[in-house]
Amino acid sequence: MLQTDREKIGFQGDRHPQSLLLEALQDLGWTLTLMGQANNLSKARECFAQAWARKDNAPLAAQLELAIDYAVLCLYQDQLEQVMPWIETATQLLEKVDLSAAEKTYQQLRLLYYTAQMHYRQRDWTTAKSLYHQILSDIKDAGAQAQQGYSEKEKQIEAYSLNWLVDIALQETDLMTAEQFLQQSWPIIQAQKDRRSHAFHQRSKAKLEQLKGNSAGFLDWCQKAQDSFSALGMQTQAQEMQTWLDSEFRQ
29 MLQTDREKIG
39 FQGDRHPQSL
49 LLEALQDLGW
59 TLTLMGQANN
69 LSKARECFAQ
79 AWARKDNAPL
89 AAQLELAIDY
99 AVLCLYQDQL
109 EQVMPWIETA
119 TQLLEKVDLS
129 AAEKTYQQLR
139 LLYYTAQMHY
149 RQRDWTTAKS
159 LYHQILSDIK
169 DAGAQAQQGY
179 SEKEKQIEAY
189 SLNWLVDIAL
199 QETDLMTAEQ
209 FLQQSWPIIQ
219 AQKDRRSHAF
229 HQRSKAKLEQ
239 LKGNSAGFLD
249 WCQKAQDSFS
259 ALGMQTQAQE
269 MQTWLDSEFR
279 Q
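Per my numbering, residue 29 is the first one in the sequence shown, and the count goes up by one each step.
Any given hint could turn out to be false.
[Claimed, not checked] Pairs of lysine-lysine, DSSO-like flavour, derived with a Cα cap of 27 Å:
1) 221 / 168
2) 83 / 124
3) 235 / 157
4) 157 / 168
5) 183 / 168
6) 252 / 221
7) 181 / 252
8) 83 / 181
9) 181 / 124
10) 252 / 183
11) 157 / 240
12) 183 / 221
13) 221 / 132
14) 132 / 181
15) 157 / 221
16) 221 / 181
17) 132 / 157
18) 157 / 181
19) 181 / 168
20) 71 / 83
21) 132 / 83
22) 183 / 157
23) 183 / 124
24) 235 / 252
25) 235 / 183
26) 168 / 132
27) 221 / 235
28) 168 / 124
29) 240 / 252
30) 132 / 183
[As the list claims (entries may be wrong)] Between beta-carbon pairs, the in silico distance windows are:
31) 152 / 129: 25 to 33 Å
32) 109 / 81: 18 to 26 Å
33) 276 / 203: 16 to 24 Å
34) 223 / 164: 19 to 27 Å
For the record, the hints were derived by calculation from the structure and aren't laboratory data.
Beta carbons: idealized from backbone N, C-alpha and C, even for Gly.
Let's have the full structure, built from the sequences with the hints guiding it.
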């Protein structure tokens with residue numbers, strides 16, 4: 029998913045005890061979500077449920093963040109039928125909340141990104157691909173309108189969207205397109221020093237080398253990805269890399 033350290037927009041200047049409790053529950057739930065293991069995801073849902081029950085004590089911007097968090101959690105738990113209701117709730121909140129034009133654009137991109145993620149997990153490559161390309165187009169347009177270009181947060185969404193386009197190309201065995209997207213995303217990942225996107229980049233490189241029949245390259249990138257995921261505490265992804273390695277050694 030997207031950034032591990034989100035820039036909170038909902039609680040700035042609000043130190044009411046109920047708001048502090050809601051923020052703490054939301055932060056803990058997000059951390060548990062990113063860890064990805066089933067028991068952590070269950071605890072994350074409990075945190076979000078408690079936070080949502082207190083949402084009326086929070087600013088609309090905080091409610092917006094929480095609705096998006098819920099959508100992400102549903103993606104992690106493969107409860108895909110619940111994703112769109114939370115995205116629709118977040119979309120309704122986004123229409124009401126008072127944000128700068130730049131922040132509103134960023135939140136719209138996030139919602140589009142997670143919608144694309146839902147279609148990706150449903151293996152609806154055509155729709156997912158279309159949405160990821162729309163994200164890249166919207167980011168380019170936003171950068172053209174802003175004098176300083178597009179933001180670091182938008183660059184992160186760009187890098188992640190490119191990486192999922194790589195994965196779709198690999199699913200479709202379109203190795204040339206996959207390599208082109210990897211080349212396009214790598215400078216962005218390097219500039220941002222985002223360890224999560226770096227790990228997913230390594231994962232995609234491993235799959236590409238496997239499909240090219242390069243066993244040594246596959247093992248090298250797979251091990252690098254596993255090390256990166258392990259260092260980030262992303263045990264589900266690290267285990268996936270171990271499964272890939274075991275499969276290769278059994279051949």
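Against the structure, the hints:
no. : hint                  : verdict
1   : 221 / 168             : holds (21 Å)
2   : 83 / 124              : holds (15 Å)
3   : 235 / 157             : holds (19 Å)
4   : 157 / 168             : holds (17 Å)
5   : 183 / 168             : holds (10 Å)
6   : 252 / 221             : holds (16 Å)
7   : 181 / 252             : holds (25 Å)
8   : 83 / 181              : holds (26 Å)
9   : 181 / 124             : holds (22 Å)
10  : 252 / 183             : holds (24 Å)
11  : 157 / 240             : holds (22 Å)
12  : 183 / 221             : holds (12 Å)
13  : 221 / 132             : holds (25 Å)
14  : 132 / 181             : holds (12 Å)
15  : 157 / 221             : holds (25 Å)
16  : 221 / 181             : holds (12 Å)
17  : 132 / 157             : holds (23 Å)
18  : 157 / 181             : holds (21 Å)
19  : 181 / 168             : holds (13 Å)
20  : 71 / 83               : holds (18 Å)
21  : 132 / 83              : holds (20 Å)
22  : 183 / 157             : holds (18 Å)
23  : 183 / 124             : holds (26 Å)
24  : 235 / 252             : holds (12 Å)
25  : 235 / 183             : holds (24 Å)
26  : 168 / 132             : holds (16 Å)
27  : 221 / 235             : holds (22 Å)
28  : 168 / 124             : holds (26 Å)
29  : 240 / 252             : holds (18 Å)
30  : 132 / 183             : holds (16 Å)
31  : 152 / 129: 25 to 33 Å : holds (31 Å)
32  : 109 / 81: 18 to 26 Å  : holds (22 Å)
33  : 276 / 203: 16 to 24 Å : holds (18 Å)
34  : 223 / 164: 19 to 27 Å : holds (22 Å)
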